[in-house]
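> Here is how the chains run, residue by residue.
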Amino acid sequence: MLHIINKSPYDRPALNSALATADGGSILLIEDAVYAAVKGGAEESKLKAAMGKFKIYALASDLEARGMADRVIDGVTVVDYAGFVDLVADHKTCQSWL
Amino acid sequence: MTTKKFMFVNRKAPYGTIYAWEALEVVLIAAAFEQDVSLAFLDDGVYQLKKGHNTKAIETKAFEKTWGALEDYDITKLYVAKESLDERGLTTDDLAVPVEVLSRAELGKLMEEQDVILSF
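Chains as they are written, first to last, in my numbering: chain A, 255 to 352; chain B, 111 to 230.
Looking at chain A on its own, in the form it has when it is part of the complex (with noise of 0.2 Å):
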């Protein structure tokens, strides 16, 4: 299934509680959770873990939007807004981690 996530990680816990609980899959950053994605913080080490479980989305134009479109860690796939489409549709299911 696609777990889609939109909180910084280093505000809230979503990202942790997603990953905590689903059983592999897909997992689609946007919003503020896009800064998950980026190379040199302190929570990279988390993401680069959860790629052997899980593959990573990360979506361009919120990554663009805070000047971080350049810095994304390596493995996590950058989709637009088509891709975001493509990928609730390829899933039987979504989870929001509101």
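Hints were generated in silico from the structure; no laboratory data involved.
Accuracy of the hints is not assured; some may be wrong.
DSSO-like mimics (lysine-lysine), calculated; alpha carbons at most 27 Å apart, straight line [what the hints assert, rightly or not]:
id: 1; chain 1: A; residue 1: K293; chain 2: B; residue 2: K166
id: 2; chain 1: B; residue 1: K175; chain 2: A; residue 2: K302
id: 3; chain 1: A; residue 1: K293; chain 2: B; residue 2: K171
id: 4; chain 1: B; residue 1: K161; chain 2: A; residue 2: K302
id: 5; chain 1: B; residue 1: K161; chain 2: A; residue 2: K293
id: 6; chain 1: B; residue 1: K161; chain 2: A; residue 2: K300
id: 7; chain 1: A; residue 1: K346; chain 2: A; residue 2: K307
id: 8; chain 1: A; residue 1: K293; chain 2: B; residue 2: K175
id: 9; chain 1: B; residue 1: K192; chain 2: A; residue 2: K300
id: 10; chain 1: B; residue 1: K115; chain 2: B; residue 2: K219
id: 11; chain 1: A; residue 1: K293; chain 2: B; residue 2: K192
id: 12; chain 1: A; residue 1: K293; chain 2: A; residue 2: K309
id: 13; chain 1: B; residue 1: K187; chain 2: B; residue 2: K115
These figures come from a predicted structure and were not determined experimentally.
Dock chain B against chain A, hints included.
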């Protein structure tokens, strides 16, 4: 008019919520009333100052130009928490405007010196 020391404490990332914009609105009001304004950025608030914001695709106004304009309102006291920058892998080179980097402890002391604290 009595001048008071106003500190705006910014702790939220930009765009995901409206807090950052609302803070800026009130900052400009306080400055228009010629108050002694300072801005503190800590936790995810430091992301507000990151340079290179391109908000075209999310159809929201970007912050970068507004930071540059604060000087026209005599707002030059921008303080950033060192711990918050470090935790996010950021340095002052990543920021859109010149700031003074302080430790959390130093920021805490500055907060004590204020007449008014506005929290965002």
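> Among all the numbered hints in the text so far, which are the ones the structure does not match?
2
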